[in-house]
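The lines below spell out each chain.
2 protein chains.
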Amino acid sequence: LSLTVRSAVAIEKETPENERPETFLRESESSSSSSSASSVRARFERMIREAQDEVCAAIEAADGGGRFREDVWSRPGGGGGISRVLQDGGVWEKAGVNVSVVYGVMPPDAYRAAKGVKDRADDAKPGPVPFFAAGISSVLHPKNPFAPTLHFNYRYFETDAPKDSPGAPRQWWFGGGTDLTPAYIFEEDVKHFHTVQKQACDKFDPSFYPRFKKWCDDYFYIKHRGERRGLGGIFFDDLNDYDQEMLLAFSTECTKSVVSAYIPLIERRKNMPFTEDHKAWQQLRRGRYVEFNLVYDRGTTFGLKTGGRIESILVSLPLTSRWEYNHEGFLAVQECIVGTHHLQRSGVMV
Amino acid sequence: LSLTVRSAVAIEKETPENERPETFLRESESSSSSSSASSVRARFERMIREAQDEVCAAIEAADGGGRFREDVWSRPGGGGGISRVLQDGGVWEKAGVNVSVVYGVMPPDAYRAAKGVKDRADDAKPGPVPFFAAGISSVLHPKNPFAPTLHFNYRYFETDAPKDSPGAPRQWWFGGGTDLTPAYIFEEDVKHFHTVQKQACDKFDPSFYPRFKKWCDDYFYIKHRGERRGLGGIFFDDLNDYDQEMLLAFSTECTKSVVSAYIPLIERRKNMPFTEDHKAWQQLRRGRYVEFNLVYDRGTTFGLKTGGRIESILVSLPLTSRWEYNHEGFLAVQECIVGTHHLQRSGVMV
Numbered sequence: 034l035s036l037t038v039r040s041a042v043a044i045e046k047e048t049p050e051n052e053r054p055e056t057f058l059r060e061s062e063s064s065s066s067s068s069s070a071s072s073v074r075a076r077f078e079r080m081i082r083e084a085q086d087e088v089c090a091a092i093e094a095a096d097g098g099g100r101f102r103e104d105v106w107s108r109p110g111g112g113g114g115i116s117r118v119l120q121d122g123g124v125w126e127k128a129g130v131n132v133s134v135v136y137g138v139m140p141p142d143a144y145r146a147a148k149g150v151k152d153r154a155d156d157a158k159p160g161p162v163p164f165f166a167a168g169i170s171s172v173l174h175p176k177n178p179f180a181p182t183l184h185f186n187y188r189y190f191e192t193d194a195p196k197d198s199p200g201a202p203r204q205w206w207f208g209g210g211t212d213l214t215p216a217y218i219f220e221e222d223v224k225h226f227h228t229v230q231k232q233a234c235d236k237f238d239p240s241f242y243p244r245f246k247k248w249c250d251d252y253f254y255i256k257h258r259g260e261r262r263g264l265g266g267i268f269f270d271d272l273n274d275y276d277q278e279m280l281l282a283f284s285t286e287c288t289k290s291v292v293s294a295y296i297p298l299i300e301r302r303k304n305m306p307f308t309e310d311h312k313a314w315q316q317l318r319r320g321r322y323v324e325f326n327l328v329y330d331r332g333t334t335f336g337l338k339t340g341g342r343i344e345s346i347l348v349s350l351p352l353t354s355r356w357e358y359n360h361e362g363f364l365a366v367q368e369c370i371v372g373t374h375h376l377q378r379s380g381v382m383v
Numbered sequence: 034l035s036l037t038v039r040s041a042v043a044i045e046k047e048t049p050e051n052e053r054p055e056t057f058l059r060e061s062e063s064s065s066s067s068s069s070a071s072s073v074r075a076r077f078e079r080m081i082r083e084a085q086d087e088v089c090a091a092i093e094a095a096d097g098g099g100r101f102r103e104d105v106w107s108r109p110g111g112g113g114g115i116s117r118v119l120q121d122g123g124v125w126e127k128a129g130v131n132v133s134v135v136y137g138v139m140p141p142d143a144y145r146a147a148k149g150v151k152d153r154a155d156d157a158k159p160g161p162v163p164f165f166a167a168g169i170s171s172v173l174h175p176k177n178p179f180a181p182t183l184h185f186n187y188r189y190f191e192t193d194a195p196k197d198s199p200g201a202p203r204q205w206w207f208g209g210g211t212d213l214t215p216a217y218i219f220e221e222d223v224k225h226f227h228t229v230q231k232q233a234c235d236k237f238d239p240s241f242y243p244r245f246k247k248w249c250d251d252y253f254y255i256k257h258r259g260e261r262r263g264l265g266g267i268f269f270d271d272l273n274d275y276d277q278e279m280l281l282a283f284s285t286e287c288t289k290s291v292v293s294a295y296i297p298l299i300e301r302r303k304n305m306p307f308t309e310d311h312k313a314w315q316q317l318r319r320g321r322y323v324e325f326n327l328v329y330d331r332g333t334t335f336g337l338k339t340g341g342r343i344e345s346i347l348v349s350l351p352l353t354s355r356w357e358y359n360h361e362g363f364l365a366v367q368e369c370i371v372g373t374h375h376l377q378r379s380g381v382m383v
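So the sequences go chain by chain: A and B.
Each position in the first sequence, counted from 1, maps to that position plus 33 in this note's numbering.
Each position in the second sequence, counted from 1, maps to that position plus 33 in this note's numbering.
Derived by calculation from the structure, the hints in this document are not laboratory data.
Any given hint might turn out to be false.
[What the hints assert, rightly or not] In the DSSO-like style, the derived pairs of lysine-lysine whose C-alpha atoms are separated by at most 27 angstroms in a straight line are: (1) Lys256(A) to Lys256(B); (2) Lys338(B) to Lys256(A); (3) Lys338(A) to Lys256(B); (4) Lys303(B) to Lys224(B); (5) Lys176(A) to Lys176(B); (6) Lys312(B) to Lys256(B); (7) Lys231(B) to Lys303(B); (8) Lys289(A) to Lys224(A); (9) Lys224(A) to Lys176(A); (10) Lys312(A) to Lys176(A); (11) Lys176(B) to Lys289(B); (12) Lys338(B) to Lys46(B); (13) Lys247(B) to Lys224(B); (14) Lys231(A) to Lys289(A); (15) Lys338(A) to Lys338(B); (16) Lys303(A) to Lys176(A); (17) Lys289(A) to Lys176(A); (18) Lys256(B) to Lys46(A); (19) Lys224(B) to Lys289(B); (20) Lys338(A) to Lys247(B); (21) Lys312(B) to Lys312(A); (22) Lys176(B) to Lys312(A); (23) Lys247(A) to Lys338(B); (24) Lys303(A) to Lys224(A); (25) Lys312(A) to Lys256(A); (26) Lys256(A) to Lys46(B); (27) Lys256(A) to Lys338(A); (28) Lys289(B) to Lys247(B); (29) Lys176(B) to Lys303(B); (30) Lys312(B) to Lys176(A); (31) Lys224(A) to Lys312(A); (32) Lys236(B) to Lys289(B); (33) Lys338(B) to Lys256(B); (34) Lys247(B) to Lys231(B).
When you get a sec, could you build the whole thing from the sequences and use the hints?
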């Protein structure tokens with residue numbers, strides 16, 4: 034489904050703004066009427082913008098010296114975003130925390146495929162389907178090779194009814210996840226990170242953590258290397274088979290758990306002494322991060338193909354990375370893989 | 034055509050070899066009978082292996098200290114390759130020169146699409162189509178930011194007749210190209226490089242250089258950036274509408290022109306003094322190289338998806354690269370683009 038929906042969508046070119054608007058929703062949807070202000074769209078936007086402020090404040094506090102640079106942008110037909118990037122700070126090499134609201138149009142075939150409607154030759158062809166998407170997306174690459182990279186992304190997606198069938202119901206989905214990519218494994222770090230993910234999940238459904246942990250392991254897989262990108266976390270996509278309010282609350286809980294899952298690991302590792310060899314290994318692992326994001330990551334490849342804001346999309350790439358031919362560090366990769374298995378077997382990964 | 038052919042092919046896992054075999058052709062094709070030894074397959078393999086020796090010798094001579102490391106590998110069902118990589122040398126950061134011979138099988142639909150055969154529901158479904166491919170592929174990344182990166186690749190492709198139609202003709206294609214990617218533009222370098230390409234082309238057909246130069250400009254285009262990867266050269270693919278002997282001779286001429294097109298530029302630039310800013314700009318341009326290769330390059334994405342030898346495929350990536358958010362070097366990109374237009378307008382690019 035997702036691949037179909039995401040394959041043939043085009044969005045408008047963005048324009049820079051001098052200040053943050055109250056909302057990126059279209060005026061008709063952001064009026065002060067109670068139904069508009071309490072819509073899932075409006076509440077999701079408020080949630081991700083608050084989360085952006087909280088995460089950025091926590092990053093700046095832990096970084097010591099670095100400050101986020103902010104870029105605000107909008108699109109003529111509605112929507113826009115706030116990109117914040119802290120580069121070459123005291124602790125982080127590159128930290129990006131972006132929110133965006135997108136109004137777009139998907140081809141009718143994608144919508145019909147999504148709804149499971151069979152195409153009949155005698156049908157009148159339906160019109161294009163407008164959609165709405167809002168999300169927060171972040172990748173945080175620290176300098177110290179013992180401090181892990183974090184990625185998180187939470188998003189909400191809605192279609193309007195197609196123009197030829199005004200009575201058809203609106204479709205909606207939630208997606209997202211939080212995952213950890215260390216260059217070196219510290220069991221206590223991995224355990225802390227996964228424990229926070231599990232606690233957030235368990236407040237809503239006991240099946241969530243095991244299901245979304247497996248989904249994360251399966252998704253962040255560099256097929257051509259036969260390696261996982263990192264040590265997992267949670268991931269879910271196209272989620273709509275639960276109560277909408279419950280999923281909004283769940284996405285909110287996951288987003289609010291980012292700081293407590295990640296910042297303690299940074300505090301433990303940010304001042305650890307390291308050698309040039311440690312740094313070289315980190316740089317090679319960064320190369321794997323680039324490979325995953327440019328070759329497999331849906332958000333990245335979708336963004337690049339549909340004309341999204343390039344600097345926001347590629348802020349996920351590390352500041353520096355390295356590709357050595359046949360690096361003699363296969364042992365270390367093995368250690369990393371064995372480490373994961375060991376952690377899972379021994380129950381450390383909760 | 035190419036995208037179809039290349040989308041659903043799988044090849045066997047390679048195994049390391051201790052020494053270079055006389056040929057990677059299957060035994061039945063490499064016997065001493067004159068017809069086998071003079072086949073286009075056999076002659077193309079000899080040509081690319083000689084070219085690999087010549088280019089590597091020229092690189093080592095210009096590098097001063099660096100030496101190529103060689104890895105030989107084969108596949109159980111026939112075929113194999115020789116990967117040579119010089120890393121962290123005196124002049125080159127990373128220089129890879131690989132040859133490979135591949136026997137594979139493509140799905141019948143791809144073959145039928147290639148031949149323009151319409152699918153009819155009452156047809157018996159044809160069997161899979163065996164194919165043969167041989168090629169030389171090289172990317173050379175120098176250390177000095179004023180010394181340009183070179184890429185070249187020449188390949189020959191053949192299908193057997195499909196199993197259900199033994200009388201059907203064998204299909205064949207040639208493909209390849211040589212292109213230059215400097216971080217800084219020196220008109221005399223660009224002019225020399227293009228002059229050598231034009232001379233090689235003009236020996237065969239006056240239409241080749243303008244046609245293959247445009248094909249190169251169109252192919253090495255980073256769509257999401259709206260930028261070309263470099264300053265062009267020549268590129269052609271799926272070429273079979275000329276005499277086969279002529280195209281073999283043309284591919285040979287192009288391959289043999291690599292040393293005279295490139296090494297003089299290296300000699301001019303390899304010892305030029307540079308600053309940290311020059312190096313940082315080179316690293317950002319390297320990031321663009323990574324983006325093109327992982328997102329758009331057919332050979333790379335094909336290789337990653339079909340289980341090719343990963344270390345050989347990704348030797349094209351630079352040793353180090355860098356992604357800065359909203360780098361204030363847009364001016365320099367502009368200069369690069371303006372430079373290209375200027376060179377074309379002024380006739381410098383022959």
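Evaluated hints:
1. Lys256(A) to Lys256(B): holds (25 angstroms)
2. Lys338(B) to Lys256(A): Holds. Lys338(B) to Lys256(A) sits at ~8 angstroms (cutoff 27 angstroms).
3. Lys338(A) to Lys256(B): The given pair, whose Cα atoms are some 8 angstroms apart, holds under the 27 angstroms limit.
4. Lys303(B) to Lys224(B): holds (18 angstroms)
5. Lys176(A) to Lys176(B): holds (24 angstroms)
6. Lys312(B) to Lys256(B): holds (25 angstroms)
7. Lys231(B) to Lys303(B): holds (25 angstroms)
8. Lys289(A) to Lys224(A): Holds - the C-alpha atoms of Lys224(A) and Lys289(A) are around 19 angstroms apart, at most 27 angstroms.
9. Lys224(A) to Lys176(A): holds (22 angstroms)
10. Lys312(A) to Lys176(A): The hint holds at about 9 angstroms.
11. Lys176(B) to Lys289(B): holds (24 angstroms)
12. Lys338(B) to Lys46(B): holds (13 angstroms)
13. Lys247(B) to Lys224(B): It holds: about 16 angstroms lies between the C-alpha atoms, which stays within 27 angstroms.
14. Lys231(A) to Lys289(A): holds (13 angstroms)
15. Lys338(A) to Lys338(B): Within the cut-off at roughly 19 angstroms; holds.
16. Lys303(A) to Lys176(A): With Cα atoms ~8 angstroms apart, Lys303(A) and Lys176(A) stay inside 27 angstroms; holds.
17. Lys289(A) to Lys176(A): Between Lys289(A) and Lys176(A) the Cα gap is close to 24 angstroms, so the pair holds against 27 angstroms.
18. Lys256(B) to Lys46(A): holds (14 angstroms)
19. Lys224(B) to Lys289(B): Judged against 27 angstroms, a Cα distance of about 19 angstroms means the pair holds.
20. Lys338(A) to Lys247(B): holds (23 angstroms)
21. Lys312(B) to Lys312(A): holds (19 angstroms)
22. Lys176(B) to Lys312(A): holds (20 angstroms)
23. Lys247(A) to Lys338(B): Holds, because 23 angstroms separates the two Cα atoms, which is no more than 27 angstroms.
24. Lys303(A) to Lys224(A): holds (18 angstroms)
25. Lys312(A) to Lys256(A): Satisfied, since the Cα-Cα distance of roughly 25 angstroms is no more than 27 angstroms.
26. Lys256(A) to Lys46(B): Status holds; Cα separation ~14 angstroms.
27. Lys256(A) to Lys338(A): holds (21 angstroms)
28. Lys289(B) to Lys247(B): holds (22 angstroms)
29. Lys176(B) to Lys303(B): holds (8 angstroms)
30. Lys312(B) to Lys176(A): Distance of about 20 angstroms is within 27 angstroms: holds.
31. Lys224(A) to Lys312(A): With Cα atoms ~24 angstroms apart, Lys224(A) and Lys312(A) stay inside 27 angstroms; holds.
32. Lys236(B) to Lys289(B): holds (13 angstroms)
33. Lys338(B) to Lys256(B): holds (21 angstroms)
34. Lys247(B) to Lys231(B): holds (12 angstroms)
In this structure, none of the earlier numbered hints is contradicted; all agree with it.
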